[in-house]
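Could you build the full structure based on these sequences and the hints that come with them?
Take 1129 as the starting number for the sequence shown in the working numbering and just add one per residue.
A couple of the hints might just be wrong.
Stated by the list, open to error - Taking lysine-lysine pairs in the DSSO-like style, the calculated list, with each CA pair at most 30 Å apart, reads:
(1) LYS1290 with LYS1302
(2) LYS1177 with LYS1218
(3) LYS1235 with LYS1202
(4) LYS1302 with LYS1288
(5) LYS1137 with LYS1235
(6) LYS1288 with LYS1313
(7) LYS1177 with LYS1224
(8) LYS1207 with LYS1290
(9) LYS1345 with LYS1288
To be verified - Derived CB-CB ranges, DEER-like:
(10) VAL1148 with LYS1202: 21 to 31 Å
(11) LEU1153 with ILE1331: 42 to 52 Å
(12) ASP1278 with LYS1218: 42 to 52 Å
(13) SER1213 with ASN1334: 19 to 29 Å
(14) LYS1221 with MET1318: 44 to 54 Å
(15) VAL1134 with GLY1181: 25 to 35 Å
(16) GLN1328 with PHE1215: 51 to 61 Å
(17) LEU1153 with LYS1202: 20 to 30 Å
(18) SER1145 with SER1282: 27 to 37 Å
(19) ASP1278 with GLY1330: 12 to 22 Å
(20) LYS1204 with LYS1224: 40 to 50 Å
None of these hints come from the bench; they were simulated from the model.
Treat the numbers as computed from the prediction; the structure is a model and nothing was measured.
Built from N, CA and C at the ideal position, the CB exists for glycine as well.
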Amino acid sequence: MSKYLVLTKIDRIILESYKVVLDGLSKYLGDGYELILHSLEDLEHSVIKIINGHYTGRVEGAPITDLALSMLNKIKEKKEPQPLSYFNKKNGKTLKSATIPILGENKRIIGLLCINFHMEISLNSFISSYIPEISYDTSTTETFNDNVEDLISSALEDAKLKIYANENISSSNKNKEIIHLLYQKGIFNMKDAVYTVASQLGISKNTVYLHLRNLEKL
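Quick look at the structure:
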């Protein structure tokens, strides 16, 4: 193996962690995107993960491309490594691409995450990636807040609305179920969440802790 650079143990862990990033991007972006993870340790076999490689016929173990090398050189020319976005052609077809440097120990570039959008994908396939399926859970929402206190309060109000509207839950158990919902959402990982919830529910923090201890036993 002709090594371009020698990776440390931490470098390898960092590169390995990007594999799940590719899986996540693939699920989010859809079939029109080719995603490639390059390790710069061995340029002759740099591809360590690829998704939708059928567009270019590449598989894991494929060498780095001349364009990727060119992008790497451009990135290295900058004082601070930055991703590059550009258009290029493959077999006469236009691709929108991005090359993102992956930094290892001591801010050394150890790999590249390359994204190619292949525009020959059918319009139907492209649009379907951004339209919810019928089975989509419309009850799933995401709240955007400026600070942690607002985040806790928003989650608490949402939980209260759901629990108070449920006639099958007795009045004496409503606070317990509200705390259960917040626990499932991970709200109590936030600093001062117990105090905020206790204050807004009009109960003691010890009562909140009691419910949390019972939940952790489950």
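Verification of the hints:
This hinted pair checks out: LYS1290 and LYS1302 have alpha carbons roughly 10 Å apart, not beyond 30 Å. As the CA atoms of LYS1177 and LYS1218 are separated by approximately 20 Å, the hinted pair is consistent with the 30 Å bound. Pair hint LYS1235 plus LYS1202 holds up; C-alpha atoms about 16 Å apart against a cutoff of 30 Å. Straight-line distance between C-alpha atoms of LYS1302 and LYS1288 comes to about 8 Å, which keeps the hinted pair within the 30 Å bound.
Between LYS1137 and LYS1235 the CA atoms are separated by roughly 15 Å; this keeps the pair inside 30 Å, and the hint holds. Annotation: proposed proximity of LYS1288 to LYS1313 holds, straight-line Cα distance about 14 Å (limit 30 Å). In summary, the hint linking LYS1177 to LYS1224 is supported, as the alpha carbons are separated by about 20 Å, within the 30 Å threshold. Between LYS1207 and LYS1290, the direct Cα distance comes to roughly 52 Å. Violation of the 30 Å bound is thereby established for this hinted pair.
The straight-line distance between the Cα atoms of LYS1345 and LYS1288 is roughly 24 Å, inside the 30 Å bound, and the hint therefore holds. For VAL1148 and LYS1202, the Cβ-Cβ distance of about 27 Å falls inside the hinted range of 21 to 31 Å, so the restraint holds. Taking 42 to 52 Å as the suggested C-beta distance range, the pair LEU1153 and ILE1331 conforms, at roughly 43 Å. Distance hint for ASP1278 and LYS1218: a CB-CB separation of about 47 Å, consistent with the stated range 42 to 52 Å.
In this structure the supplied range 19 to 29 Å is violated for SER1213 paired with ASN1334, their Cβ-Cβ distance being about 54 Å. Between LYS1221 and MET1318 the beta carbon distance is about 48 Å. The supplied range of 44 to 54 Å therefore holds. Between VAL1134 and GLY1181 the Cβ separation comes to about 27 Å, which falls inside the hinted range of 25 to 35 Å. Range check, GLN1328 to PHE1215: about 52 Å between beta-carbon atoms, so the 51 to 61 Å window is met.
Separated by about 22 Å at the C-beta atoms, LEU1153 and LYS1202 satisfy the suggested range of 20 to 30 Å. The hint said 27 to 37 Å for the Cβ distance between SER1145 and SER1282, and at roughly 31 Å that hint holds. Taking 12 to 22 Å as the suggested C-beta distance range, the pair ASP1278 and GLY1330 conforms, at roughly 20 Å. Taken as a hint, the range 40 to 50 Å is violated for the pair LYS1204 and LYS1224, whose Cβ atoms sit roughly 23 Å apart.
Of the numbered hints stated above, those contradicted by the structure are hints 8, 13 and 20, listed in ascending order.
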